[in-house]
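Colleague: Per this note's numbering, the very first residue in the sequence shown carries number 95; after that it's consecutive.
Derived from the structure by calculation, the hints contain no laboratory data.
Just so it is clear, CB atoms sit at the ideal spot from N, CA and C, and this is done for glycine as well.
Be aware that a few hints might be false.
[Stated by the list, open to error] Label-pair ranges, simulated between beta-carbon atoms:
| # | residue 1 | residue 2 | range |
| --- | --- | --- | --- |
| 1 | S114 | M161 | 26 to 32 Å |
| 2 | G148 | W104 | 15 to 21 Å |
| 3 | S167 | A117 | 32 to 38 Å |
| 4 | Q177 | A129 | 20 to 26 Å |
| 5 | G149 | S185 | 17 to 23 Å |
| 6 | G184 | R127 | 34 to 40 Å |
| 7 | A169 | V126 | 27 to 33 Å |
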Amino acid sequence: MPENNVPRYWDIEPKHIRQSFHAEGVCVPITVRGAPRGSLVVQSLDSSVATVEGGWIRLGQQVGATMILVSDSAAGDSMRYIQVEVFDPGSGGTDPYGGGDIPPDWGI
95 MPENNVPRYW DIEPKHIRQS FHAEGVCVPI TVRGAPRGSL VVQSLDSSVA
145 TVEGGWIRLG QQVGATMILV SDSAAGDSMR YIQVEVFDPG SGGTDPYGGG
195 DIPPDWGI
């Protein structure tokens, strides 16, 4: 098999970010492990919740959820994902298992 067709291992961290709302926002670095084939292409599916610039995810200024897609080529044939959630700590949040609202006194 020619060298350019050999699959290469690569991955990213973090896989999931859960952050409370913060008026100024917070920045989280994307860490790349292994050897991607080319330049990484990074895209946020909802830029009102999280944006990506220079290997950093900026989030926290808008409550909501989105996914960050990271591909090792423009063709998108090898992709990794980061799940992003920004919640309002005053609202108590929502039970991710479908049981309804989480009581605010739980401290989540």
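Colleague: Now tell me, hint by hint, if it's right for this structure.
Modeller: Checked hints:
1. S114 / M161: 26 to 32 Å: Distance hint for S114, M161 is violated at roughly 19 Å.
2. G148 / W104: 15 to 21 Å: holds, 19 Å
3. S167 / A117: 32 to 38 Å: holds, 37 Å
4. Q177 / A129: 20 to 26 Å: Since Q177 and A129 have Cβ atoms about 24 Å apart, the given range 20 to 26 Å holds.
5. G149 / S185: 17 to 23 Å: Because 31 Å falls outside the window, the suggested range is violated.
6. G184 / R127: 34 to 40 Å: holds, 37 Å
7. A169 / V126: 27 to 33 Å: violated, 18 Å
Hints 1, 5, 7, counting from the list given before, are not met by this structure.
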